[in-house]
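Number of protein chains: 2
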Amino acid sequence: MKPRESGQSDGRSGTGGQGGDLPKGSAPERRELDRRSFLARGVSLATFGTTAFLYRTAGAADSEKTTDPMRVPGAPPRPYGERSPFEKQARKGRTEPSSSHGKDVTVADPFISLTPLQDLHGVVTPSSLHFERHHNGVPAIDPARHRLVIHGLVDRPLIFTVEELKRLPSVSRLTFIECSGNTWLGWQDAQDLTVQDTHGLTSTSEWTGVKLSTLLDAVGARRDATWMLAEGSDAAGLDRSVPLTDEVLNEALICYGQNGEALRPEQGYPLRLLVPGFEGNINVKWLRRLKLGTAPFMTRWETAKYTDLMPDGKAYQFSLVMEAKSVITAPSGRQQIHPGFREIRGLAWSGRGRVTKVEVSVDGGRTWQEARLQEPVLPKCHSRFRFPWRWQGQEAILQSRCHDETGYVQPSREDLIKVRGTHSIYHYNAVHSWKVERDGKVRNVHV
Amino acid sequence: MKPRESGQSDGRSGTGGQGGDLPKGSAPERRELDRRSFLARGVSLATFGTTAFLYRTAGAADSEKTTDPMRVPGAPPRPYGERSPFEKQARKGRTEPSSSHGKDVTVADPFISLTPLQDLHGVVTPSSLHFERHHNGVPAIDPARHRLVIHGLVDRPLIFTVEELKRLPSVSRLTFIECSGNTWLGWQDAQDLTVQDTHGLTSTSEWTGVKLSTLLDAVGARRDATWMLAEGSDAAGLDRSVPLTDEVLNEALICYGQNGEALRPEQGYPLRLLVPGFEGNINVKWLRRLKLGTAPFMTRWETAKYTDLMPDGKAYQFSLVMEAKSVITAPSGRQQIHPGFREIRGLAWSGRGRVTKVEVSVDGGRTWQEARLQEPVLPKCHSRFRFPWRWQGQEAILQSRCHDETGYVQPSREDLIKVRGTHSIYHYNAVHSWKVERDGKVRNVHV
Numbered sequence: 001m002k003p004r005e006s007g008q009s010d011g012r013s014g015t016g017g018q019g020g021d022l023p024k025g026s027a028p029e030r031r032e033l034d035r036r037s038f039l040a041r042g043v044s045l046a047t048f049g050t051t052a053f054l055y056r057t058a059g060a061a062d063s064e065k066t067t068d069p070m071r072v073p074g075a076p077p078r079p080y081g082e083r084s085p086f087e088k089q090a091r092k093g094r095t096e097p098s099s100s101h102g103k104d105v106t107v108a109d110p111f112i113s114l115t116p117l118q119d120l121h122g123v124v125t126p127s128s129l130h131f132e133r134h135h136n137g138v139p140a141i142d143p144a145r146h147r148l149v150i151h152g153l154v155d156r157p158l159i160f161t162v163e164e165l166k167r168l169p170s171v172s173r174l175t176f177i178e179c180s181g182n183t184w185l186g187w188q189d190a191q192d193l194t195v196q197d198t199h200g201l202t203s204t205s206e207w208t209g210v211k212l213s214t215l216l217d218a219v220g221a222r223r224d225a226t227w228m229l230a231e232g233s234d235a236a237g238l239d240r241s242v243p244l245t246d247e248v249l250n251e252a253l254i255c256y257g258q259n260g261e262a263l264r265p266e267q268g269y270p271l272r273l274l275v276p277g278f279e280g281n282i283n284v285k286w287l288r289r290l291k292l293g294t295a296p297f298m299t300r301w302e303t304a305k306y307t308d309l310m311p312d313g314k315a316y317q318f319s320l321v322m323e324a325k326s327v328i329t330a331p332s333g334r335q336q337i338h339p340g341f342r343e344i345r346g347l348a349w350s351g352r353g354r355v356t357k358v359e360v361s362v363d364g365g366r367t368w369q370e371a372r373l374q375e376p377v378l379p380k381c382h383s384r385f386r387f388p389w390r391w392q393g394q395e396a397i398l399q400s401r402c403h404d405e406t407g408y409v410q411p412s413r414e415d416l417i418k419v420r421g422t423h424s425i426y427h428y429n430a431v432h433s434w435k436v437e438r439d440g441k442v443r444n445v446h447v
Numbered sequence: 001m002k003p004r005e006s007g008q009s010d011g012r013s014g015t016g017g018q019g020g021d022l023p024k025g026s027a028p029e030r031r032e033l034d035r036r037s038f039l040a041r042g043v044s045l046a047t048f049g050t051t052a053f054l055y056r057t058a059g060a061a062d063s064e065k066t067t068d069p070m071r072v073p074g075a076p077p078r079p080y081g082e083r084s085p086f087e088k089q090a091r092k093g094r095t096e097p098s099s100s101h102g103k104d105v106t107v108a109d110p111f112i113s114l115t116p117l118q119d120l121h122g123v124v125t126p127s128s129l130h131f132e133r134h135h136n137g138v139p140a141i142d143p144a145r146h147r148l149v150i151h152g153l154v155d156r157p158l159i160f161t162v163e164e165l166k167r168l169p170s171v172s173r174l175t176f177i178e179c180s181g182n183t184w185l186g187w188q189d190a191q192d193l194t195v196q197d198t199h200g201l202t203s204t205s206e207w208t209g210v211k212l213s214t215l216l217d218a219v220g221a222r223r224d225a226t227w228m229l230a231e232g233s234d235a236a237g238l239d240r241s242v243p244l245t246d247e248v249l250n251e252a253l254i255c256y257g258q259n260g261e262a263l264r265p266e267q268g269y270p271l272r273l274l275v276p277g278f279e280g281n282i283n284v285k286w287l288r289r290l291k292l293g294t295a296p297f298m299t300r301w302e303t304a305k306y307t308d309l310m311p312d313g314k315a316y317q318f319s320l321v322m323e324a325k326s327v328i329t330a331p332s333g334r335q336q337i338h339p340g341f342r343e344i345r346g347l348a349w350s351g352r353g354r355v356t357k358v359e360v361s362v363d364g365g366r367t368w369q370e371a372r373l374q375e376p377v378l379p380k381c382h383s384r385f386r387f388p389w390r391w392q393g394q395e396a397i398l399q400s401r402c403h404d405e406t407g408y409v410q411p412s413r414e415d416l417i418k419v420r421g422t423h424s425i426y427h428y429n430a431v432h433s434w435k436v437e438r439d440g441k442v443r444n445v446h447v
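Going line by line, the protein sequences match chains W and Z.
Residue numbers for the first sequence follow full-length UniProt numbering, so the first one is 1 and each next one is one higher.
Residue numbers for the second sequence follow full-length UniProt numbering, so the first one is 1 and each next one is one higher.
Hints may contain errors.
Since the list gives no way to pick one copy over another, a pair counts as held whenever it fits inside one copy or between any two copies.
Claimed, not checked - Calculated cross-link-like contacts (lysine to any residue; reagent style SDA-like; alpha-carbon spacing at most 25 Å):
id : residue 1 : residue 2
1  : K357      : T406
2  : K357      : E375
3  : K166      : A396
4  : K435      : R386
5  : K357      : P379
6  : K166      : L373
7  : K88       : R78
8  : K88       : G137
9  : K305      : G137
For the record, the hints were derived by calculation from the structure and aren't laboratory data.
Turn these sequences into a full structure, and let the hints steer you where they fit.
Next comes the structure, spelled out in structure tokens:
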């Protein structure tokens with residue numbers, strides 16, 4: 001059936017209709033680079049020299065028949081869809097440098113998996129690929145049996161079922177959660193790693209739940225309650241102290257929803273605390289208890305873990321906010337690129353608010369140019385940045401640098417280490433460098 | 001281990017720290033309703049009278065041991081996560097009223113499945129629950145073999161591979177896609193249906209791809225090319241004519257990403273057209289061909305289907321934009337509610353731009369009150385609205401009414417039918433009514 005070229009114009013006023021010539025490069029975003037040029041030079045396009053592609057002959061081979069999706073009826077609907085079998089992206093365990101053999105080893109860590117940032121688009125992380133961090137495995141919880149208790153410095157201690165929480169006024173918000181240990185290998189010598197290995201402990205979801213302040217009103221939180229213990233019902237019983245600042249009271253949620261459906265088991269099903277911008281472990285999963293007090297509760301997670309060891313031997317406690325950070329996700333570690341045009345893409349975020357600017361360098365930080373930020377830029381959320389680039393076979397060091405609305409600028413590795421030393425595990429947020437070799441191999445380096 | 005109450009204050013300046021009394025209801029949103037009151041009266045809360053919930057005794061029964069998630073190590077990480085086995089939300093086939101037996105029948109339609117809007121949170125639709133509409137099943141396509149050809153009124157016809165498209169400048173956008181047949185039963189007498197049955201052919205995703213205008217620049221689209229044929233590589237070979245208006249050229253994408261990962265097979269893997277705000281079938285899936293011309297191509301999908309039959313016997317063609325619409329998703333059809341507080345929640349959207357206001361009525365449209373809109377409100381995207389409500393056992397008719405940035409107001413059913421009659425299948429967007437009976441049953445009605 002050959003499409004007819006004659007036809008009618010729009011039969012309904014105001015619904016699109018005709019008119020509107022093709023733009024001739026007048027809109028600002030269309031000036032951004034000479035697309036005809038990069039397409040002609042940068043992408044190995046096939047020109048269109050045969051109609052066989054469009055209209056196959058009746059006598060085509062059987063093998064073509066079986067693989068041509070237009071010749072066989074497709075699959076029926078499914079109650080709950082799955083991705084294409086051709087897509088293989090996966091979370092993976094942490095990679096440890098193994099200096100004795102000169103090779104890196106992927107460790108089957110029972111409590112960590114990392115998001116494949118190099119494979120993802122936009123800012124939403126698919127829930128199936130959201131990073132995992134737990135301390136004694138993912139508990140299996142029946143939501144009908146689960147309870148949240150709120151007690152301590154309150155007038156009316158209360159126990160809530162999940163269904164009760166779902167009936168209360170709700171809020172949704174797109175926000176990142178980043179493990180404070182994300183990029184922990186940045187404190188060490190550079191290994192030949194992927195961006196999943198180096199930065200895969202951060203993910204973004206649309207979270208839905210009830211505001212913490214709604215529940216604190218319900219229990220009658222007392223005026224002198226300035227800290228809150230949040231406890232999970234996993235086998236580690238992870239519990240953390242949360243300062244009840246104005247920011248926390250305005251923004252914290254008790255979540256039951258993630259990307260439209262229920263929280264995933266790895267993300268705290270059926271309930272988790274969400275404190276946007278705070279380090280991952282504060283967003284206590286499988287949440288069962290909130291206790292109000294006048295001081296931090298000094299749990300073992302606040303002494304044996306999650307402190308920052310400084311060069312003078314002292315350790316910072318309660319360094320809760322994730323500072324501004326960014327990373328180029330493509331091209332990135334262990335990828336192979338070829339000469340020509342390719343868009344540099346990455347993610348930037350700040351636990352203090354909105355990203356205001358991302359700069360990209362392709363020469364190891366000698367010169368910087370501003371990247372395009374995907375709108376809308378949301379506070380405390382991954383922001384996608386993009387930068388056009390043509391690689392012509394030269395060595396290059398690719399970097400990105402994030403600015404946030406407080407005026408903070410993501411530090412160089414040198415500047416970060418000047419202040420923090422190299423004994424920390426957590427809160428590494430330096431500018432990251434990928435080196436493109438002459439053969440197109442991309443490697444993780446420190447510069 | 002009992003948490004200690006003594007402790008240290010924030011050891012790091014500027015990272016949260018102490019200070020900040022609990023707010024005492026001063027923020028505007030905290031005045032919105034008397035939460036202590038609705039909690040005390042509206043939710044059957046257990047008061048906190050025993051420590052057994054928190055600190056179980058050593059001699060607990062074996063049965064409790066096996067179900068207590070704190071007593072057994074949890075599951076290890078998974079490469080690609082799945083939802084909790086307690087969650088059963090599913091897409092379903094269409095429901096047809098069966099007047100002969102007075103019962104509705106769910107039809108195992110081979111080409112349709114509907115999104116369970118009543119079960120979802122926020123605005124992102126999980127990709128696994130995005131509605132499906134195809135015309136000869138979901139094709140299985142190997143992305144390495146797939147091509148997109150652009151020809152017709154162009155200087156340089158070109159063929160693109162999927163990998164080539166992925167290297168070009170990209171854009172991401174949260175936007176809804178709604179089948180023009182969504183709410184087709186609204187033209188008929190009211191049946192006792194769920195919101196999934198009535199409105200389940202609309203979903204929102206974050207889509208990522210390359211701008212159509214980038215590709216049209218590459219092929220050298222000619223000045224007189226004002227229409228474009230888009231053809232899918234499914235076994236139906238669905239093809240539609242798209243007017244190349246300024247709006248389409250500014251906004252249309254060729255997508256390969258959905259909610260962070262690759263398009264799902266039901267959504268056009270590996271490539272689909274996205275024209276934000278246009279009826280679903282224009283967003284051609286499994287996209288293989290774009291042909292530029294000077295007039296609509298008058299395919300069979302533009303005559304045998306997807307036209308709007310008017311009372312005078314004439315049919316509108318190319319009524320492509322989805323007008324403003326909204327629906328309350330909870331409480332909604334076939335749900336059972338109980339006296340007390342519950343938040344009324346719903347979705348509103350407009351193919352013409354941003355939703356500016358949603359009004360809710362609980363008395364069948366006699367009085368209206370403004371609902372709270374979840375920020376950010378994005379153009380041509382589902383917007384979540386919420387409205388606090390206490391049900392006290394009376395009959396009630398719940399309605400919502402959407403306003404968009406063009407000044408358009410979602411019409412009443414009566415006003416819509418005055419203009420459109422009742423012979424249409426597509427583009428029904430009237431205010432929807434749910435009746436709450438005295439026994440708390442919620443039914444789909446026309447008022």
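Hints not upheld, ascending by number: none
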